[in-house]
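Chain order of the listed sequences is A and B.
Going by my numbering, 335 is the number at position 335 of the first sequence; the sequence numbering is gapless.
Going by my numbering, 183 is the number at position 183 of the second sequence; the sequence numbering is gapless.
No more than 27 angstroms apart at the CA atoms, straight line, and that leaves these computed lysine-lysine pairs for DSSO-like: (1) K24/A x K109/A; (2) K49/A x K91/B; (3) K144/B x K49/A; (4) K250/A x K240/A; (5) K148/B x K147/A; (6) K247/B x K126/A; (7) K126/A x K144/B; (8) K281/A x K307/A; (9) K98/A x K109/A; (10) K148/B x K126/A; (11) K49/A x K148/B; (12) K148/B x K98/A; (13) K211/A x K266/A; (14) K266/A x K240/A.
Just a few of them, taken from the derived set where beta-carbon distance is under 8 angstroms, the chain B residues facing chain A: (15) S149; (16) Q152; (17) T156; (18) G158; (19) W249.
No wet-lab data here; the hints were simulated from the structure.
Glycine included, each C-beta is placed from N, C-alpha and C at the ideal position.
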Amino acid sequence: MTSIELKNIEKNICQNVNLLISDKELMVFVGPTGAGKTTLLNIIAGITKYNGSVLIDGNQVNHLSPNKRGVGYLFQDLALFPHLDVGSNVAYGLRVQKKDENKINSRVKELLKFLSIKHLKDRYPKELSGGERQRVALARALAPYPKILLLDEPLSSLDPTTSKHLRIELRRIIKEMRINAVYVTHDLTEAEKMADRIALIDSGQIQQVSKPQDMIFSPESTTVSDFIGTPNILTCDSSKVLEQGLIKLKCGNISMLLPYEGNSIKKIAIFPPDIQVTTSKPSGPEVNLFRGTIVGLELLTAVARIKVQIEDNTLLAEQPIETFKQMDLKLNKEVFLTPKLRRLRYTTTES
Amino acid sequence: MVRLRPGWGIVPIVIFITLWEAIARLNLLQGQNLLPPFSATMEEFWLLLKTGILSENFLASLIRVLIGFFIGSLAGIAMGIAMGWHNFMDKSLNPIFSLLYPIPALGWLPLFMLWIGINELLPIAIIFVCSFFPVLYNTITGVKNVDKSYVQAARTLGASDLRILKTVILPLALPNIFTGLRLEAGMAWRTIIAAEMVAIPTGLGALLMRAESLIRVDIIIVVLIVLAVMCLIFERFFAYLEWKITKNWG
Chain A
1 MTSIELKNIE KNICQNVNLL ISDKELMVFV GPTGAGKTTL LNIIAGITKY
51 NGSVLIDGNQ VNHLSPNKRG VGYLFQDLAL FPHLDVGSNV AYGLRVQKKD
101 ENKINSRVKE LLKFLSIKHL KDRYPKELSG GERQRVALAR ALAPYPKILL
151 LDEPLSSLDP TTSKHLRIEL RRIIKEMRIN AVYVTHDLTE AEKMADRIAL
201 IDSGQIQQVS KPQDMIFSPE STTVSDFIGT PNILTCDSSK VLEQGLIKLK
251 CGNISMLLPY EGNSIKKIAI FPPDIQVTTS KPSGPEVNLF RGTIVGLELL
301 TAVARIKVQI EDNTLLAEQP IETFKQMDLK LNKEVFLTPK LRRLRYTTTE
351 S
Chain B
1 MVRLRPGWGI VPIVIFITLW EAIARLNLLQ GQNLLPPFSA TMEEFWLLLK
51 TGILSENFLA SLIRVLIGFF IGSLAGIAMG IAMGWHNFMD KSLNPIFSLL
101 YPIPALGWLP LFMLWIGINE LLPIAIIFVC SFFPVLYNTI TGVKNVDKSY
151 VQAARTLGAS DLRILKTVIL PLALPNIFTG LRLEAGMAWR TIIAAEMVAI
201 PTGLGALLMR AESLIRVDII IVVLIVLAVM CLIFERFFAY LEWKITKNWG
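Starting from the given sequences, assemble the full structure and let the hints guide the process.
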């Protein structure tokens, strides 16, 4: 059993932070840049001074150095030692612990094999790709058998495709290792895919701690709602499973046809940027197409927010400002809305 | 761009020597004593070697440079690490060293002559000063430039300050330290010659002064050639060492 507890933590922007992370939980700290996410991570690691208490397994560890807290840390820039080859980088923590050289070699071998980077053992960091460097840094952090793995935006420097692939793998590895992990990101999608629970942090305060879908479907404050992008939440009154592997949902006056995956859908979240707005009716079947009237327009720096009334429902859509300018949209104008189905979120519970 | 074959660098030297030989032989400069032909200079070089005059003076200079440079660099590296690593040391000593650094090494000569006297320690002390400050400042820069995230990474892996210094800071500061060593290796030769010319009766500098008083341009040129070659060898040696150590990761 390994739990992490933060009690009345104070450091820079973070004031009176309290949080309990359960055994083997993958907690994701999400929030805007400068919110205090990395500060909290450094506090758990013990690499920065702070007021308050950090408890690991119920024991206060304020006086303990990072290695004695049993944490492994994956830094944002990975911080692989450039003058050491992959094998020596991974072995660094074990050599510090003065482990037997045979044991070190076998642990390094085991981790490199586990992370599919055995062939890179003698290479130097500058000879590795972004994804390979990420795996090496992970192997180095895991080598001394940490109880807690801390990850500070480790995928932020990778291209979107590699990042998407690696986050799936990272979650698998963390779960296979059966350790606690705290993952920092500013990307909500990444947080949703990785987390058992998400802690949304803004201005040094924990705004909400909940499961990813609860964060989206039940934001507890406007700060949370604003950060996650004020999704349109549709409550489904009835559903009907069709024969072609589809399910027909009735959410107020809005009807939708979605792929049926065996669960009854209770709520749907559609994010404003994921709704296509057109002034003329798109060609093709009239499925998942909503006709409505513009009842509100808000011009921001990069996007225009368009509020559309569809009978009793109101949906919020977002268009890039350039596209908006070309569309000649104004109040009371009739428009057609098409949600991007692949980007919909739904919940099968009532909460 | 024209691509030159390896070894092309020898061609300008051959042309230069040929021109030198021709100008001297054709007596294009007034007074042959002012520019002896290259061949005659080489004959003198051989004679100086055979009689042991050149090797004796060369060895005297070499030993002074090696000892002064070694101790000066070592002290510079040690002090540089301390000042780069500990803010307190840096804040305390930097004001003093900043005042002393701009003084040319030869500027210390009169003071050292009075303090130390004219003996073997004098040129070594001058070379020490000449090597110490540049190596010190390059080491401080090297240590301070080591990315703090490497230090944090080592710390989370349990490394003590001393271990971080040995296994992270020092290796990563090496390129900077070598830059200091490479620059000062040549400078040490230039300084020892000047010191020997002014205050020491032995060594290549003293040989230069004696040749000047005898108007032996050939000997002067021989010593200058030796000096140029030694500066080059020293600088190249440290450049090679730096390449050898950092080639995989630098």
